[in-house]
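K.L.:
The primary structure of each chain is shown beneath.
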Amino acid sequence: MQRDLLELGLTKQEQQALQNKRAGIFIFQMSWILTFVCLAIVNWQMRFSPNWMPDPNDRLGVTLATIATALLGGSVLLVRRGLHTLNNHHLSQFLRLWLGAIILGGIFVILIGYEWVVIPSGTQYAQVFRLMTGFHMVHAVCIGIYMGIVYVNGRKRVYNANDYLWAVEAGAKLWYFVLVAWLLFYVVIYWI
Amino acid sequence: MATAAYPLGGIVAPAKRPALSEYLRWSIDHKIIGVQYMVTSFIFFLIAGGMAMLIRWELLTPATDLMANGSSYNTLFTLHGTMMIFTWIVPMFAGFGNYLIPLMLGAKDMAFPWLNAFAFWLIPPSGLLLLAGYFVGPAEAGWTSYPPLSTLFSPDGQTLWALSIHLLGLSSILGAINFIVTIKNMRPPGMGWFQMPLFVWATFATSIIVVLATPFLAGALTLLILDRVAGTTFFNAAMGGDVLLWQNVFWFYSHPAVYIMVLPGFGILSELLSIHSRKPIFGYRMIALSSLAIALVGFTVWAHHMFTSLQPELRIPFMITSFIIAVPTGIKIFSWLGTIYGGKIRLNSAMLFGLGFLSLFVIGGISGMMLGSVPVDIHMHDTYFVVSHFHFVLFGGSVFAIYGGIYHWFPKITGRMLDERLGKIHFVLTYFGFLFTFFPMHILGMQGMPRRVAEYDPRFQDLNVLVGLSAFVLGISTFVLVYNAIISVYRGKVAGANPWRALTLEWQTSSPPPAYNFVGDPIPFEDPYGYGTEAAQAYLAAMEARFGPSYDPEARNKPKPPASISPTPAPEPSVGD
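Taken in order, these protein sequences are the chains called A and B. Number 100 in this note's numbering belongs to position 21 of the first sequence; there are no gaps in the numbering. Number 515 in this note's numbering belongs to position 519 of the second sequence; there are no gaps in the numbering.
The hints are all genuine.
Stretch-level coverage of chain B by chain A, calculated; a stretch enters the list once three of its residues show a Cβ under 8 Å from a Cβ in chain A:
#1 180 to 187
#2 226 to 239
The calculated BS3-like cross-link candidates involving lysine-lysine, where the alpha carbons are at most 25 Å apart (straight line), are:
#3 B:K180 to A:K252
#4 A:K252 to A:K235
#5 B:K489 to B:K420
#6 A:K91 to A:K252
#7 B:K340 to B:K420
#8 B:K489 to B:K340
#9 A:K91 to B:K180
#10 A:K100 to A:K252
#11 B:K180 to A:K100
Everything labelled a hint here was simulated from the structure, so no lab data went into it. All values reported here derive from a predicted model rather than from experimental measurement. No residue lacks a Cβ here, since even glycine has one placed at the ideal position from N, Cα and C.
When you get a sec, could you build the whole thing from the sequences and use the hints?
P.N.:
Structure representation (structure tokens):
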């Protein structure tokens, strides 16, 4: 999607606007990921609490989360592939890949949501787990809804490779953000 | 030069100054938004200043007599501090940035005009949300809102406080993204990074801090809100929570926030001192890069606010980083002194406030070094010495810079000069009112008077009376500026495009600037601070030929022609010109 701007047939003003949007969303992502870093630090500091995890058996296993992570990773791959196909004028293939990405993302949210519900309450570990995964799920659901809107617009033939597809690119970049934020949490919650 | 981001629909070219109603509604013109920021934040400044007057009135006597009880006093200093920081200094500098950055860069607007307006319109409801706490029991845990004061012992207004700061933080982040993208992408051809005005550099460094630090405040506030409304126990020690968690995360934002509040002031000062000394800035690159250095080192010092609660082995590293940050700050101070040394100094109101900043901020910086030293800080912690220190930085520094900036750019914004006589009265009242309000607090602190108390040992009363009376002078001084601004908008001398004969681009257009800021492409001078050269003289002469003569502040006794000067009529907006 990062084609040379001159190839896109944009006016100079449109090129400037596109550069601004790309820079803006990049800075926003760099900024907002730090909120997730902040919650990772909360996780680390709360481990010193006497009520962190009185019973080591309370710790969640990694299996389900690893499956969910793989699904989310697969979802991102579909998004990337979808952008590539759209650039090559294959709208119907783009729609299939994009829908697949949304479905995989939905399964990811359901799996982590299941852990959110079943984790035993009463410890700081459970509280911090729910905080982190809940915060992440809010982002995944909101951005997933946005991707759904992109999909619906795609079915209405709003997008094609001859017009510049900022709405699609933005959706993809936000979905990458969801993956990066999750990978941070996945490592902190399940492996460290 | 094509610097417009994209067609800016909605801006109507003003033939002259925009009507008052333009400022009361949604606009995507950065100049309107800039003024909206400034006026809104000034209103909050007056409200928070009124609270300060009540605080000092209460402290005229050692007993609690003006307030109904200690809680009322707690409420006052909580809202005073919070509003001064989040609804006055931070948005006021955002207002300067909004108005000036596109002009200084020769751009037609900010990179994201709609986002710019949205960021502003988050501020008035956020400020009102803070004040709305009075209807449900206002926050009373101080602007730092340490748990458990802010969780177990504060009424519902504390929740509104947290929501309000959340919104203000979002506004800051959106604004900062806009500044960074505008500065990075929208400079004109020929203006490299080291040809930018230093105010632009300062805003750039400030914006980096905002986007990197504010998310941590958002995280901390989320935890606080959850503890208050959702039954979590992150900060409840009885349930295994950790009150130091708040302090760590809060100060990781809030110490860098000090630089958010003062770096733009540094930028304003660099403009004032060079222009009103008629000398090139001394050490341009060092001033520019030291802003970035402050921004980065500022992230390594947060725990010096926690020396009394920190593990002892961590104190020394944070003491050392706190001392290190004095180095880039010192570079600036010496560069400014080098700038004015030997210059043709104009002692006008803007310059007086600039020099006032220089003298007072140095005192605040030195007391900051004292507090950065562990043994001194443990002795002075939570005393009036701390109150004195941060007021020297934030009032002696930031507010003096804001005042200087107002006197300097008022002619550009309104097309009229502020009255110099009133300006000097304002300066004298402010400078001495400030000095006698806050300097004695050093002594009170060293003698052991704690901060945040409505009742105190009677042996402190004499100094508190001096402080209180001086504070009232300081409070009154503000209204001299308000009066000056109101009459000058309507009856001030017509400024013309460039009354200070400055070289930066915002002066190379009419006052006030037209829609899209410039008629045709602006021509930046090779060095924004290259005063005193023949090339600069020729450039200024060419600009004067283009925009007409300006008010000459140095020729008071000459017959004054400006009555015939009128701002250059704005052209019809032409997208893409």
